[in-house]
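> Residues per chain are reported as follows:
Number of protein chains: 2
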Amino acid sequence: MQLDEAKRKFIEGWGTLGSAWGVSRTMAQVHALLLVSVGALSTEDIMDQLQISRGNVNMNVRALMDWGIVRKELRPGERREFFSAEKDIHRVATLILQERRRRELEPIMRVLGEISQVEPSPAATAEETEAFTKMIGNIQNFADFANRAASTLIKADENWFLSTFMKLMRPNG
Amino acid sequence: MQLDEAKRKFIEGWGTLGSAWGVSRTMAQVHALLLVSVGALSTEDIMDQLQISRGNVNMNVRALMDWGIVRKELRPGERREFFSAEKDIHRVATLILQERRRRELEPIMRVLGEISQVEPSPAATAEETEAFTKMIGNIQNFADFANRAASTLIKADENWFLSTFMKLMRPNG
DNA sequence: TTTTATTTTCAATTTTTATTGAAAGTTTAA
DNA sequence: TTAAACTTTCAATAAAAATTGAAAATAAAA
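Protein chains in written order, with this note's numbering: chain A, 1 to 173; chain B, 1 to 173.
Incorrect hints may appear among the rest.
Pairs count within a copy or across copies, as identical chains cannot be separated in the list.
Derived BS3-like pairs (lysine-lysine); straight-line CA-CA distance at most 25 Å [claimed, not checked]:
no.: 1; residue 1: K134; residue 2: K9
no.: 2; residue 1: K155; residue 2: K9
no.: 3; residue 1: K134; residue 2: K87
no.: 4; residue 1: K72; residue 2: K134
no.: 5; residue 1: K87; residue 2: K155
no.: 6; residue 1: K9; residue 2: K87
no.: 7; residue 1: K87; residue 2: K72
Please keep in mind that the hints were generated in silico from the structure rather than gathered at the bench. Nothing here was measured: the structure is a model prediction, and the numbers come from that model.
Construct the entire structure; sequences and hints are all you get.
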């Protein structure tokens with residue numbers, strides 16, 4: 001397989017993976033393109049290679065910069081902006097984990113905290129109220145666990161991630 | 001807060017969380033409703049409580065059954081079907097992890113394997129080809145890691161999950 | 001300042017995804 | 001069998017999300 005075709009397949013696959021995880025296909029594809037490009041790309045480079053509009057590129061590179069996984073690169077004597085992706089995949093994973101925790105885990109934990117305060121009322125049987133409280137408590141425990149696990153992974157340095165964590169797993173895992 | 005309002009907020013929050021993770025809002029809401037319902041619910045119960053059509057309920061409970069997190073319950077002397085959610089949140093997480101690995105991790109690993117076979121060609125510089133191969137290799141390593149981590153979590157029993165894994169994390173993590 | 005290059009915004013449009021509802025299908029009971 | 005109760009399917013429709021493209025904004029150069 002030649003490089004062009006391989007890149008194309010990677011961009012397609014990354015886009016599909018992204019959309020399964022709630023990231024827009026195009027945003028994932030812009031990320032994929034930057035990941036497999038040696039230098040930084042201009043808006044026009046991205047427009048050309050992915051066949052999408054200027055506005056679309058702009059929106060998506062900014063979103064990727066919000067995630068911290070794409071950086072703007074300014075070149076002396078060049079007016080336009082160039083974009084490049086963080087190439088260290090472990091760091092990419094860490095940054096994504098961090099953002100998803102902030103954007104998704106924290107809000108649901110807040111909701112769980114609020115609704116765990118449910119009070120007994122004549123409209124519901126004690127059994128119903130108790131079952132609800134227990135379920136929410138279990139979900140809170142799990143969310144706390146996920147939150148702590150995320151903290152550990154985020155704080156941990158790469159070495160820990162690749163060695164200590166690996167040791168956890170059986171060789172034939 | 002009263003039970004009804006708490007349930008409503010949970011269903012809403014779970015739906016929002018789901019859509020951030022690539023699960024349709026309604027599917028997540030059906031799941032949430034079943035999670036906080038004491039007994040099993042009929043199609044009509046779900047239609048009424050979520051204000052959605054019969055076809056929509058049918059589609060979504062079947063999808064949830066495909067994920068293994070909702071079961072059909074048959075009652076003697078009753079012709080209609082009732083549905084109930086797996087209530088053990090750890091098991092829910094395990095089943096979801098298992099399915100997502102199968103549906104999303106495996107396909108991207110297959111793509112990575114294919115494109116890692118990229119061959120040198122006159123159309124690309126050696127530097128470009130090498131950079132690509134290196135990047136794909138790094139992603140493959142990371143995917144292997146994720147795959148093994150998933151295997152370990154899936155195979156592990158609940159006790160391991162809650163104790164051994166917890167020990168990994170610092171108390172102040 | 002004025003011009004030019006470039007980025008950003010956003011209303012209109014297109015595309016994708018979800019939903020409906022009624023017909024067809026299935027199962028059980030009479 | 002036939003009828004009744006219920007489930008499933010799917011074409012049509014609605015809703016949501018993504019995309020465009022051109023105008024407005026911004027920044028640099030002349």
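> Does each hint fit the structure? Answer for all of them.
Each hint tested on the structure:
When the C-alpha separation of K134 and K9 is checked against a cutoff of 25 Å, the pair qualifies only between copies, where the shortest distance is 16 Å, while the shortest distance within a copy is 47 Å. For the identical chains of this complex, K155 and K9 are neighbours neither inside a copy (33 Å) nor across copies (32 Å), given an alpha-carbon limit of 25 Å. Taking the shortest Cα distances, K134 and K87 sit within 25 Å of each other only across copies (10 Å), while inside one copy they are farther apart (44 Å). With identical chains, the CA atoms of K72 and K134 are at most 25 Å apart between copies only, with a shortest distance of 23 Å across copies and 48 Å within one.
Only within a single protomer do K87 and K155 lie at most 25 Å apart by alpha-carbon distance; the minimum there is 19 Å, versus 32 Å between protomers. Proximity of K9 and K87 under a CA criterion of 25 Å is satisfied intra-copy only: 19 Å inside one chain copy versus 40 Å between copies. For a Cα distance limit of 25 Å, the shortest separation of K87 from K72 inside one copy, 14 Å, qualifies, whereas the shortest one across copies, 46 Å, does not.
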